[in-house]
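K.L.:
One-letter residues, chain by chain:
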Amino acid sequence: MEQDIQTWVNLAAYLGGGLSIGFGAIGAAIGEGYTASQANSAISRNPALAGDVFKSMLVGQAIAESASVFALVVAMILLFSNIPADSFVTVAAVFAAGLSMGFGAIGSGVGAGFPAGAACVGMVRQPSVSGKLTTNMLIGSAVCQTPSIFALVVSFILIFSDFGSYPLWPTWGAILGAGLAAGLSAIGSGIGGGIVAGASSEGIARQPAAVTPVTNIMLLGQAIAQTPAILGLLVAFILIFKEFGASDTIAPAMALLGSGLCMGIGGIGPGIGEGIASSGGVKWIARNEKDIGTLTRTMLVGMAVAESTAIYAMVISLVLIFVV
Amino acid sequence: MEELGKVYQLIIPLSGHKMVFNLDAIVYSWIVMLLILVFGVMATRKRGVIPNYMQVLGELFVSKLYALTEDALGEDMAKTYAPLVCALFMFLVLCNWIGIIPHLEEPTKDLNTPLSLGVMGFFIAHYVGIKTKGFKAYAKEYFEPFFIMAPLNIIGELAKIVSISFRLFGNIMGGAIIILVVSYLTYSILLPPFLNAFFGIFVGAIQAFVFTMLTVVYISVQAK
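Chains A and B, in that order, are what the protein sequence lines are. So for the first sequence, our numbering puts the first residue at 1; every next one is plus one. So for the second sequence, our numbering puts the first residue at 1; every next one is plus one.
Quick caveat, the hints were computed from the structure, so don't treat them as lab data. Just so you know, these numbers come straight off a predicted model, no measurement behind them. There may be inaccurate statements among the hints.
DSBU-like cross-link-like pairs, simulated, lysine-lysine; straight-line CA separation at most 35 Å [unchecked claim]: (1) B:LYS136 to B:LYS79; (2) B:LYS136 to A:LYS290; (3) B:LYS133 to B:LYS64; (4) A:LYS290 to B:LYS160; (5) B:LYS79 to B:LYS140; (6) A:LYS283 to B:LYS160; (7) A:LYS290 to B:LYS140; (8) B:LYS140 to A:LYS132; (9) B:LYS136 to B:LYS224; (10) B:LYS140 to B:LYS160; (11) A:LYS132 to A:LYS242; (12) B:LYS79 to A:LYS290.
Computed footprint of chain B on chain A, listed as stretches where at least three residues anywhere in the stretch have a Cβ under 8 Å from a Cβ of chain B [unchecked claim]: (13) 7-18; (14) 72-79; (15) 144-153.
Quick look at which bits of chain A chain B covers, simulated, 3 or more residues with Cβ under 8 Å [said to hold, decoys possible]: (16) 104-117; (17) 231-239.
Even glycine gets a Cβ: it sits at the ideal position worked out from N, Cα and C.
Starting from the given sequences, assemble the full structure and let the hints guide the process.
P.N.:
Shown next, in the form of structure tokens:
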């Protein structure tokens with residue numbers, strides 16, 4: 001059987017497309033299931049509001065699904081578009097694009113379920129603020145999608161860039177590493193951002209007067225919890241756009257692949273941890289608005305400390321790229 | 001689909017080096033500045049006790065952002081830094097919204113725009129830190145909790161520039177790519193207006209606000 005480059009590129013595209021929507025389906029489904037369970041518990045407390053809760057459940061689930069829809073778009077493009085096959089690097093790029101989007105959709109899908117669930121429960125507890133709760137849920141779960149948008153950017157760059165002039169060794173390691181860095185690091189930030197948004201929806205239901213400060217601090221917490229995903233995006237960009245000299249040994253390719261893995265896996269924990277740290281801040285600001293200054297400062301310092309492990313991972317992955 | 005990632009550049013050779021200008025980003029940010037100037041003139045012209053539409057809008061903008069700055073920085077510093085915050089937010093929000101007009105693109109889609117604003121915020125924050133605490137107390141913070149942590153603390157500070165600018169860039173760039181690809185896949189039927197409303201107006205406003213908030217918070221963390 002003749003196996004030219006085009007065959008391999010098609011093979012990688014099919015495999016990448018399958019993995020993209022396969023992994024991408026995990027997160028959204030979990031998030032949507034959580035939302036539905038919270039909606040049911042809300043309805044059982046106050047059946048009179050069943051209509052409102054049902055509506056807000058559907059809206060929340062629709063947003064939680066958008067990460068999966070991104071993965072579906074990437075999978076469709078990988079399956080149906082003709083990707084020009086210039087070199088074997090394209091094989092790695094197409095496969096990495098699928099992996100990046102697939103992993104990247106997990107966190108945002110799970111995360112976006114938390115604010116939707118909290119909004120359903122909150123609506124029953126405090127029916128008069130259901131409008132504000134819906135707005136807060138929409139903002140929170142939209143910001144939750146940011147890590148998956150970063151993974152989407154990386155996978156589009158991987159699909160549509162021309163890697164023809166790059167040497168196969170060690171570029172394939174860099175390309176695969178870029179996909180893994182952007183995809184894996186988005187998991188933690190997505191879940192973390194969701195935890196923060198959920199705490200904020202709950203807080204608004206408890207203390208409707210505190211809508212503005214709680215929403216502001218929620219945005220701040222989510223933005224900082226996204227830092228690991230952004231560092232993953234940075235490492236992915238460096239791995240894609242830096243030109244690496246051709247090599248005969250296997251070591252440089254492995255160093256570049258390791259660098260991507262290091263940033264990707266290293267970003268999962270800090271993202272979730274920062275989300276938990278910030279959810280505490282948001283939750284207690286809603287109950288004790290008077291001490292917002294002290295609470296915010298403690299939250300920010302705690303998040304910075306939780307973030308330091310992501311920075312260690314970034315230092316090691318930059319060392320792997322530039323020194324080794 | 002061919003437009004994806006295409007950048008119009010003006011390259012001027014200058015004694016061995018090349019000066020590269022990204023024309024898109026420059027022209028569109030000039031358009032945004034022009035719009036802000038027009039808004040400013042309209043809002044302040046014919047001021048009165050009974051305000052007209054534009055004056056109401058302008059007062060709303062300024063008073064909301066002023067209150068936000070005052071919450072984070074205190075009354076004294078808000079007088080100095082609130083104009084910066086207002087200008088930053090207005091510039092960013094118009095930058096992110098301008099992409100919904102056909103044939104115009106967001107200047108923030110070019111990494112240079114958010115990165116330069118991020119570097120600006122970084123320098124202002126550290127200037128405030130040195131000014132309020134004195135250089136000695138400012139420098140001492142880098143050696144906490146241990147002496148050997150200094151390089152990591154410095155990298156952590158620099159990572160703030162990366163995170164603030166890549167967040168804006170990634171969101172706007174991602175939204176633009178999604179709109180382009182989905183419009184291409186569906187032959188521009190039905191979906192693009194909704195996508196523009198979500199990624200252009202909604203996400204654009206949120207990200208502009210997040211960028212502004214983070215700049216204020218970085219300043220307030222340094223000041224205390």
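K.L.:
The structure should be examined with respect to each hint, and the outcome stated for every one.
P.N.:
Each hint tested on the structure:
With a CA separation close to 26 Å, the supplied pair B:LYS136 and B:LYS79 stays within the 35 Å bound. Restraint check: the Cα-Cα separation between B:LYS136 and A:LYS290 comes to about 33 Å, which is no more than 35 Å; the hinted pair holds. Among the hinted pairs, B:LYS133 with B:LYS64 is consistent with the structure: their alpha-carbon atoms are about 28 Å apart, no more than 35 Å. This hinted pair checks out: A:LYS290 and B:LYS160 have alpha carbons roughly 29 Å apart, not beyond 35 Å.
Between B:LYS79 and B:LYS140 the alpha-carbon distance is near 28 Å, which keeps this suggested pair within the 35 Å criterion. Between the alpha carbons of A:LYS283 and B:LYS160 the distance comes to roughly 25 Å, so the proposed pair stays at or under 35 Å and holds. With a C-alpha separation of about 31 Å, the suggested pair A:LYS290 and B:LYS140 falls inside the 35 Å cut-off, and the hint holds. With a CA separation close to 44 Å, the supplied pair B:LYS140 and A:LYS132 exceeds the 35 Å bound.
Restraint check: the Cα-Cα separation between B:LYS136 and B:LYS224 comes to about 14 Å, which is no more than 35 Å; the hinted pair holds. Note on B:LYS140 and B:LYS160: the hinted pairing holds, with a Cα-Cα distance of about 19 Å set against a maximum of 35 Å. For a cut-off of 35 Å, the pair hint linking A:LYS132 to A:LYS242 is broken: about 46 Å separates their Cα positions. Restraint check: the Cα-Cα separation between B:LYS79 and A:LYS290 comes to about 23 Å, which is no more than 35 Å; the hinted pair holds.
Only residues whose C-beta sits within less than 8 Å of a C-beta in chain B count toward coverage, and the region 7-18 of chain A has 0 of them, not enough to reach three; the restraint is violated. Closer than 8 Å: that is the beta-carbon criterion, and the region 72-79 of chain A has 3 residues meeting it against chain B, so the requirement of 3 holds. Coverage of a stretch by a chain is defined here by at least three residues with a beta carbon nearer than 8 Å to that chain's beta carbons; for the region 144-153 of chain A and chain B the count is 5, and the condition holds. Only residues whose beta carbon comes within less than 8 Å of a beta carbon in chain B count, and the region 104-117 of chain A has 0; fewer than three means the coverage is violated.
As drawn, the region 231-239 of chain A meets chain B at 3 residues by the rule of a beta-carbon pair under 8 Å; at three or more, the given contact holds.
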